[in-house]
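So the sequence lines, in the order shown, correspond to chains A and B.
Sequential numbering of the first sequence, starting at 1, is according to the working numbering.
Sequential numbering of the second sequence, starting at 1, is according to the working numbering.
No wet-lab data here; the hints were simulated from the structure.
Treat each hint with caution, since some may be false.
[Unchecked claim] Footprint (simulated), chain A over chain B, 3 or more residues, beta carbon under 8 Å:
(1) 42–49
(2) 90–103
(3) 115–123
(4) 141–151
[What the hints assert, rightly or not] Straight-line C-alpha distance at most 30 Å; calculated DSBU-like pairs for lysine-lysine:
(5) K66(A) x K79(A)
(6) K60(A) x K279(A)
(7) K148(A) x K282(A)
(8) K282(A) x K240(A)
(9) K42(A) x K56(A)
(10) K148(A) x K56(A)
(11) K79(A) x K96(A)
(12) K42(A) x K48(B)
(13) K41(A) x K48(B)
(14) K152(A) x K264(A)
(15) K45(B) x K12(A)
(16) K48(B) x K12(A)
[What the hints assert, rightly or not] Cβ pair distances, simulated, as ranges:
(17) I7(B) x E281(A): 44 to 50 Å
(18) K60(A) x I155(B): 49 to 55 Å
(19) I57(A) x N89(B): 41 to 47 Å
(20) V3(A) x N89(B): 29 to 35 Å
(21) N46(B) x K279(A): 48 to 54 Å
(22) G11(B) x N160(A): 30 to 36 Å
Glycine included, each C-beta is placed from N, C-alpha and C at the ideal position.
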Amino acid sequence: MKVVVLLRRLLKNRRWLILVLLLFISIMIVNITLNQEAIFKKIEIPIITVLSPAQKILSKIGFDIKDKLDTIPQIFYLKEENEALKKQVAELLQYKQNLLEYQRENTDLRSLLGFKDKNLQYDLEAAEVIARDTGNWFNVILIDKGEKQALKKDMAVITNEGLVGCIISTTANTSKVMLITDERSSISAMLQRTRDNGIVKGSIDTAPRGYLKMDFLSQDANLVKGDIVISSGLGGLVPKGIVIGEVVETKKESYELMQYAIIKPAVDFLKLERVFVIKGEKEANQ
Amino acid sequence: MRTIVYILVLGVLILVQTALSNFIGIFGVKPDLPLVFALCMAMVKNEKAGALMGLMNGFLEDILFGRFIGLNTIAKSIAGYVVGLGSRNLYKGRVIITMLLVFTGSVIFNFIFMIIAFFTGELIHPWRYLLSITVASSLINMFVSPLIYIGAYRIERFFDYYFDIKY
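For reference, chain B alone in the conformation it holds in the complex (with noise of 0.2 Å):
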């Protein structure tokens, strides 16, 4: 149930940027809104959940605007494992800790995707634009991590009291 509700409310976040992304944008640079999602999941519930999130938000971007998968796949998924190691031993909730590895793991994602961009042929000099992209992108997912993450986490709680009173 829960799975299903998380891919679900993945996909609607999908479909929200894919239509809406060019109207929320900050100087042509875009907020990622389903990675955000993928990595806060990954720091509610655990690695593996921000994997699989991450894993599947990005095969969706390499199928719908991509020339073959892996590009999104692989930097998301990675990503989102990263992050959700990373924040194991964290005390989570806290808006700096949840902006801080939303950051991190936007900029893994990013550089991940330098490398396999650059091995594929898909872009030949990634790391020009390591400022322009990566860190500027970076910036503006940590910004809107929070509100994302109180989403993520109420979903969860939400699931948690629902199956203690049922079950």
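Chain A on its own, in the form it takes in the complex (with noise of 0.2 Å):
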């Protein structure tokens, strides 16, 4: 009897019954859109084609003034920078003549075992970020080149310092990118040193924030500081060797069994502007 009056007394409530019709469209609307690609493919591909030539000029707006902001302060420091990098210019040459070395000496080893001289580069398309997600919880930038460019879901997308993410939705003149930093990624990965394999995830409290784990690496795997950390190429998503970062902290899962490490992002995703998609591997020109 109660439960008659009370329904009643909501049915007479109109402002309940259109907030309850609005919820139940509302989980309606998630569930089709959630399944049903095509329709919401639909309903983004011509609102991002209006949004995205002032998102495009925004964005410009706002990389120019970061960059006039960032000259300001490293002005004092120019000259400390400018002998730090005479001394890394050295450096980086004397790695230069190791890795001629070691190349020609893989070569001549190649060709005494019969092996094909195995040279493929990436057919690379670049690409400027045009936006980036607005909200704390996800990680998502837009790019200004898509299925025109033969672009498609799950290429991978790198910039020249490292892996940046993957492509999770196209329209005809953009593309949505999940950064590896984005709580939902996971990439198969493996130590460079060590060739230890483990999946690395982005995730939202790594602390410090912007930070990636590295789960999966066995109690014995040998990790130190520094350890620089690549795709492993399983999984088919990203090519193999792509550089994802360094290694900050090992720790032990709390039943021992496993361990995993912090990893900071080879790629500056504060200052990211220009992008490459991976659109397939190529033979180089011999």
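With the hints in hand, could you dock these two chains into one complex?
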């Protein structure tokens, strides 16, 4: 009896009825757009097409302002920075010499073993970042290249510093890229020095923010601070050998079966302005 | 006329936020300017305006950065509606009330966001970030709210004056 009275009162109160109806419609919309990508794309494409030019201009203005603001304090450190860079150049030249030597040695050994000389290069598409996720939960960026440039979902996105993320959806002229720092991202990776495998995940709470977590490292993996982490190529999304970051901290899991590492990404996501999408691999000119 | 101007202001705030969001954060947490505007509109006008602004803001964010419609759309419209409803009988305009209502609205938004993200599989353990995201971002929103409230209030008063004189 009481339930009937309550229902009657609820039905009389139009506001509640409308709210419940709206909530029901919202849940339906979530369900439909979540399960049917085609419907979401039909709504998404015209809106992004209209907004992307304005975003491109604003993004450029933002970067220009940031660049100018960044140069002011740099003036005071130019002399010291110059000295440090000279030292770095000298070191790099030495590395280059060593590398050339190794390359020659490698070619000789491969020909001795009868291996075909594998010299693959990535087929890259340059793109500009035109917008960034406004919220604090996820890390998604919008780039100004899309299906017209043959970009597809799941393609890896890089800069000259390292891995940025993967494309999660495309329109004709734009693509959404989920950064490796996003909570939902996970990439197969390995330590360059020891070849130990693991999974690099984005995390909201990995202190400090913006760092990554490398999980599933075996208990006996030899981890050292400063180790470089690269993509392992497993899973097929990201090609092998792309730098992800460097180990800054190692920790044992509470149950001590595994260990994990905190990774500092190689890419500075705050200064992400231009990226490259890996469309595939191609044979380089021999 | 008013609605068009409010939509334009909201659109500009969203565009500014998407372009400059990396530069306006503190310790990696960014203020959500469009959400704060929607909450301020709920206070200046009423709960319907708050819900409408929240809905439009959330919808655009879902389209631009999301994988489906609803995550931000539902969370932001409910936050706008609740703040509008909660501020009905309050003496509006005092900085402390504005800040407290924006903080509450931001917490409501983040909480509903977490629930939807959990049920849609976007986040597996959203509760772990209750402090690092929900409280931190709500605090930042709270501190920028007086400025945005003044902006929203001025626009509303200008329109009141304009329509009083003209009609």
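Going down the list of hints, with the structure as the test:
Here the segment 42–49 of chain B counts 0 residues with a CB under 8 Å from a CB of chain A, which misses the bar of 3, and the coverage is violated. Check result for the segment 90–103 of chain B against chain A: violated, 0 residues qualifying (beta carbon to beta carbon below 8 Å, three or more required). Counting residues of the segment 115–123 of chain B whose beta carbon lies closer than 8 Å to any beta carbon of chain A gives 5, which reaches the threshold of three, so the coverage claim holds. Using a Cβ-Cβ cut-off of 8 Å, 0 residues of the segment 141–151 of chain B lie near chain A, which falls short of the minimum of three, so the contact claim is violated.
Only pairs whose Cα atoms come within 30 Å are accepted, and K66(A) paired with K79(A) is accepted, the gap being roughly 22 Å. Using a Cα cut-off of 30 Å, the hinted pair K60(A) and K279(A) holds, with the two alpha carbons roughly 25 Å apart. With a CA separation close to 20 Å, the supplied pair K148(A) and K282(A) stays within the 30 Å bound. Annotation: proposed proximity of K282(A) to K240(A) holds, straight-line Cα distance about 14 Å (limit 30 Å).
As the CA atoms of K42(A) and K56(A) are separated by approximately 22 Å, the hinted pair is consistent with the 30 Å bound. Only pairs whose Cα atoms come within 30 Å are accepted, and K148(A) paired with K56(A) is accepted, the gap being roughly 18 Å. For the hint pairing K79(A) with K96(A), the CA-to-CA distance comes to about 26 Å; that is within 30 Å, so the pair holds. At most 30 Å may separate the alpha-carbon atoms for a hinted pair to count; K42(A) and K48(B) meet this at roughly 28 Å.
Our distance criterion of 30 Å between C-alpha atoms is met by K41(A) and K48(B), whose separation comes to about 29 Å. A hinted pair counts as satisfied when its Cα atoms are at most 30 Å apart, and K152(A) with K264(A) qualifies at roughly 28 Å. Restraint check: the Cα-Cα separation between K45(B) and K12(A) comes to about 26 Å, which is no more than 30 Å; the hinted pair holds. At roughly 20 Å between alpha-carbon atoms, K48(B) and K12(A) fall within 30 Å of each other, so this suggested pair holds.
Under the hint 44 to 50 Å, the C-beta atoms of I7(B) and E281(A), about 47 Å apart, fit the expected range. One distance hint, 49 to 55 Å for the beta-carbon pair K60(A) and I155(B), is violated here, with the actual separation near 28 Å. One distance hint, 41 to 47 Å for the beta-carbon pair I57(A) and N89(B), holds here, with the actual separation near 44 Å. For V3(A) and N89(B), the Cβ-Cβ distance of about 31 Å falls inside the hinted range of 29 to 35 Å, so the restraint holds.
Between N46(B) and K279(A) the CB atoms are about 51 Å apart, so this pair conforms to the stated range of 48 to 54 Å. In this structure the supplied range 30 to 36 Å holds for G11(B) paired with N160(A), their Cβ-Cβ distance being about 35 Å.
Violated hints, in rising order: 1, 2, 4, 18; the structure is consistent with all others.
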